[in-house]
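**Student:** Spelled out, the chains give:
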Amino acid sequence: MFQSLTLHGGTASLLWGYRTAAALRSWRIAKHDGKWLLTATIARADAFQLRQRPLLFTAPHEKGRDGWWAWGVESIEVGPPYTSLRATLGPPEQ
Amino acid sequence: MSRFVPPAVKTLTISHGDTLTVKQRLNTGEQRAAFARMSMATANGDLKVNPLEMGIGLVVAYLVDWSLVDDHGRLVVIRDQPPEVVQAAVDALDPESFAEIKAAIQAHDAGVLEAREQEKNDQDGANGSSVISPSPGSVTGDTSGSSSSTPTSTTCSSRN
Chain C
1042 MFQSLTLHGG
1052 TASLLWGYRT
1062 AAALRSWRIA
1072 KHDGKWLLTA
1082 TIARADAFQL
1092 RQRPLLFTAP
1102 HEKGRDGWWA
1112 WGVESIEVGP
1122 PYTSLRATLG
1132 PPEQ
Chain B
3 MSRFVPPAVK
13 TLTISHGDTL
23 TVKQRLNTGE
33 QRAAFARMSM
43 ATANGDLKVN
53 PLEMGIGLVV
63 AYLVDWSLVD
73 DHGRLVVIRD
83 QPPEVVQAAV
93 DALDPESFAE
103 IKAAIQAHDA
113 GVLEAREQEK
123 NDQDGANGSS
133 VISPSPGSVT
143 GDTSGSSSST
153 PTSTTCSSRN
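These protein sequence lines map, in sequence, to chains C and B.
Using my numbering, the first residue of the first sequence is number 1042, and each one after it goes up by one.
Using my numbering, the first residue of the second sequence is number 3, and each one after it goes up by one.
Isolated chain C, as found in the complex (with noise of 0.2 Å):
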């Protein structure tokens, strides 16, 4: 069992339902101790959205590989002036 991983990724999206709250331009998860942290940068946001629950973070597989990571937002600081964002996740969706 890894103690800590990371993952790193370009575009990806914090959804809200079908809506994208947010369309991210690069993120990196950590997991350390248990928790999975994502730092973001963001290319666009919704302001509105972005403070509405549940929201879950979508990247797709590196390439040639399909389908996305999928993990649900448990809480999330969004850096003035919404350039970039701080997220501790829940376990990863199947």
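Some clues are possibly wrong.
Which residues of chain B face chain C? A few of them, derived with a C-beta cut under 10 Å, are [claimed, not checked]:
1) Arg5
2) Pro8
3) Thr21
4) Lys25
5) Asp82
Residues from chain B that keep clear of chain C, each with C-beta distances beyond 10 Å, as calculated [unchecked claim]:
6) Ala10
7) Arg34
8) Asp67
9) Ala106
To be clear, the hints were calculated from the coordinates, so they are not data collected in a lab.
The structure displayed is predicted, hence computed values, not measured ones.
In this text, a Cβ means the ideal position worked out from N, Cα and C, and glycines have one as well.
Chain C is fixed; fit chain B onto it per the hints.
**Tutor:** Frame of chain C; chain B shown alone:
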């Protein structure tokens, strides 16, 4: 009661067991974006609805996902794609399939409008108001004819 439209979806079933996932209801921004896609500028700079774009505009406005596959049996992905990508996928359909999808979404759109009218009438009945007139500009229903119109109801509706 909230005035905000939640991102709820509904599944519509069409022929051959295929399904469409559509927005339960459009919010203000989604409706405005749909009208913008359907509109064209006249010679004097006014905006009017392009009748050729109304059907596709309605479909793209509502469509969230579907089960349609290509000739190799692979899902044609439209979920979380920009409207241009969704439109390109819909435009690649055979005309009969597009007509079926458009009809299903038009029926859903008409149902949304009817439900909202009923909700308003129920609320005003509870508040003791007099009989409510129907909202102006509903253009749902039969699609014979091709006259242009500017929808003024609270849903996107198509006549063509």
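**Student:** Enumerate the violated hints, using their earlier numbering and listing them in ascending order.
**Tutor:** Hints 1, 3, 6, 8 are the ones this structure does not satisfy, whereas the remaining hints hold.
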